[in-house]
Structures are given as structure tokens and as C-alpha cells.
Amino acid sequence: MDRIPILKMGHALLVTIQVDMHDQLAMALEEDLTARIAATGARGVLIDISSLEIVDSFIGRMLDSIAAVSRLLDARTVVVGMRPAVAITLVELGLSMPGVNTALNVERGLALIGVSVSGDGEHDAGTEV
Amino acid sequence: MPAPRSEVLEIRASDDIVRVRQRVRTASVEVGLGLVDQTKIVTAASELARNTLDYGGGGTAAIEIIDDGGRRGVRIVFEDDGPGIPDISVAMRDGYTTGGGLGLGLSGARRLSNEFDIRSSPGAGTRVMIARWK
Ligand SMILES: Nc1ncnc2c1ncn2[C@@H]1O[C@H](COP(=O)(O)OP(=O)(O)OP(=O)(O)O)[C@@H](O)[C@H]1O
Ligand SMILES: [Mg+2]
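Chains P and U supply the protein sequences, listed in that same order. Read in order, the letters of the first sequence are residues 22 to 150 in the numbering used here. Read in order, the letters of the second sequence are residues 39 to 172 in the numbering used here.
A hint or two may mislead.
[What the hints assert, rightly or not] Not close to chain U: a few residues of chain P, all C-beta gaps over 10 Å, as computed:
(1) Ile25
(2) Ile38
(3) Glu52
(4) Arg57
(5) Ala59
(6) Leu116
(7) Val121
(8) Thr123
(9) Ala124
(10) Leu125
(11) Asn126
(12) Glu128
[To be verified] Calculated pairs, SDA-like style, for lysine to any residue (alpha carbon to alpha carbon, straight line, at most 20 Å):
(13) Lys172/U - Val115/U
(14) Lys172/U - Gly135/P
(15) Lys172/U - Glu68/U
(16) Lys29/P - Ala60/P
(17) Lys172/U - Glu113/P
(18) Lys172/U - Ala106/P
(19) Lys29/P - Gly135/P
[To be verified] Ranges of calculated distance between the beta carbons of each label pair, as one might list FRET restraints:
(20) Arg24/P - Val46/U: 30 to 40 Å
(21) Val128/U - Pro26/P: 36 to 46 Å
(22) Arg129/P - Pro124/U: 43 to 53 Å
(23) Gly62/P - Arg43/U: 48 to 58 Å
(24) Pro160/U - Arg129/P: 48 to 58 Å
(25) Lys29/P - Gly108/U: 52 to 62 Å
Just so you know, the hints here were simulated from the structure itself, not pulled from any lab data. Ideal placement from N, C-alpha and C gives every residue a C-beta, glycine not left out.
All chains should be modelled from the sequences, with the hints used to inform the complete structure.
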């Protein structure tokens, strides 16, 4: 089965969702991410959804659930790059994703998490928020 | 490739939901829906296709380009021969779910569409129609 790649950037994990995700792929991502958070001690997870043309309640629930599990593992989740049309549609759908932080892009997402990826990637340049 | 006036897609597995989304997108572009309207109808279709699969045990989505003489639009009819819905007004409520979901699919799909019609009774399957006009 296909997997969505997870990159380590300093103390954060970055996931770029590039395909129109089918359900099994979404479920595999949730499992893979939580395993990687535990293995790496990452402090934050950035999920870049700028390629996603829609977010429905299934994907929304997955993002919310990743955020909830990550929080228990002491990592913050930030969803970045949501398209404006997707944001408008989510509001009308009624999906609020209360546990999910959002940022416009990866850079601002990293700032929100409070980790920096500059330098050798081993040092927290930012302060934890 | 332009979408045909009408096509019927099978919904048997989660890959089929992706295909429904793609074909609804193509039809929406063809009738000239704007990006936000495209996103709304594709999202509504995704919700209903998943219900057809998860609760209806699979079924079909009929995607049609409609024309009322001046305006064009997209209509999708989802049909299954599953267990049906005992009380539609309860199922339509925000937050009502029997499957551990968010209970937003039906009510959300109605909000995201210009037209919405649902017919269902226990043992007789479920039919949901949505449409979005340009
Ligand atoms: N095609 C169907 N056949 C039988 N029951 C259905 C069908 N579609 C919906 N239902 C019933 O209506 C309920 C509400 O559906 P709705 O899509 O609003 O929420 P959900 O699927 O439970 O959660 P969500 O869509 O937010 O993930 C479902 O839990 C199910 O009991
Ligand atoms: Mg649903």
C-alpha cells in the first residue's frame, strides 16, 4: 500500500499531502505519524494540505484525530496551506476541527510550533509556546 | 475530456469515492461553476458517496449536467439498496451519527447544495439528490 512520506525538519515533522487521499491512505498516515512522533520526540507536526482540493468530514476528522493523539504525545499539530475555497466550504459544511491549529504556510506553521529548522536541525532556536 | 451529459459510477470501495469527486469536478468545470461552488458540490458529493458506501453497503452515483433553458448546473443522484434510514429528520440533524462520524454529511451536503432531496425507508434503500446551479 502507498504511504505518505513524513519528513523530519529539526524538531518538527512535515507531511505534505499531495494526492487526493483515499480513506486507507488517510488511516495509514495517522498510524505512521504517531509512530514517528514517538520515535523522534518531535515537538510539532505540520500537515501541508495546499494540494488538497477538498476537505470533507472524513479528512477533517482524521486531521482532528491526528492533532488529538499528537497532543497526548506532547507534539502540536498545525495544518498549513488550506485553500480559500476549502476554508469557505468547511465553514458551510459545519466542520470546525476544534483541536487543529492552522497557519497560512509552512514558515508560519513552524513559528506557531515554536521550533526552528535552521542550522543543523538539532537545536530549538525558537521558544516553546 | 468533457464529461458526458450523464454518467453512472459504481460505489463499491473507497477508491470509488475519489473517482466520484473527480468526475463531479469535471462536470462542475464544464458547466462553468466558480472555484468555490465547485469545491462545495464536490465536497457534498464526497460526503454522500461515503454514506452510500459505509451505510448503504455500496450503490451508484449518477452525475448529470442539467440545463433549464438558460442556466446550467450539475446534479448527482446517489442510490443504494441498503438498510434505509428509519427517521430522515433525525438523520438530517447536525451531529447525528450511528457510525461514529461527526454527523455532518447529510446536513452539510444540504447546506452546500442549491437543491437537496432525500428519500429513504427501512428496507427500501436510500436515494439522495443534490444539485448546484451556475
Ligand atoms: N445511505 C444511507 N443508508 C443508511 N443510513 C444512512 C445513509 N446515509 C446516512 N445514513 C444515516 O444517517 C446518519 C447521518 O449521516 P451523516 O452523513 O450526516 O453523518 P455520519 O456519516 O454519521 O458522519 P459524517 O458524515 O460526519 O462522517 C448516519 O450515521 C446513518 O445512520
Ligand atoms: Mg456521512
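Okay, the hints, checked on the actual structure:
no.	hint	in the structure
1	Ile25	holds (15 Å)
2	Ile38	holds (13 Å)
3	Glu52	holds (16 Å)
4	Arg57	holds (24 Å)
5	Ala59	holds (25 Å)
6	Leu116	violated (6 Å)
7	Val121	holds (13 Å)
8	Thr123	holds (17 Å)
9	Ala124	holds (20 Å)
10	Leu125	holds (18 Å)
11	Asn126	holds (20 Å)
12	Glu128	holds (25 Å)
13	Lys172/U - Val115/U	holds (18 Å)
14	Lys172/U - Gly135/P	violated (44 Å)
15	Lys172/U - Glu68/U	holds (11 Å)
16	Lys29/P - Ala60/P	holds (11 Å)
17	Lys172/U - Glu113/P	holds (18 Å)
18	Lys172/U - Ala106/P	holds (16 Å)
19	Lys29/P - Gly135/P	holds (15 Å)
20	Arg24/P - Val46/U: 30 to 40 Å	holds (33 Å)
21	Val128/U - Pro26/P: 36 to 46 Å	holds (42 Å)
22	Arg129/P - Pro124/U: 43 to 53 Å	holds (47 Å)
23	Gly62/P - Arg43/U: 48 to 58 Å	holds (56 Å)
24	Pro160/U - Arg129/P: 48 to 58 Å	holds (50 Å)
25	Lys29/P - Gly108/U: 52 to 62 Å	holds (56 Å)
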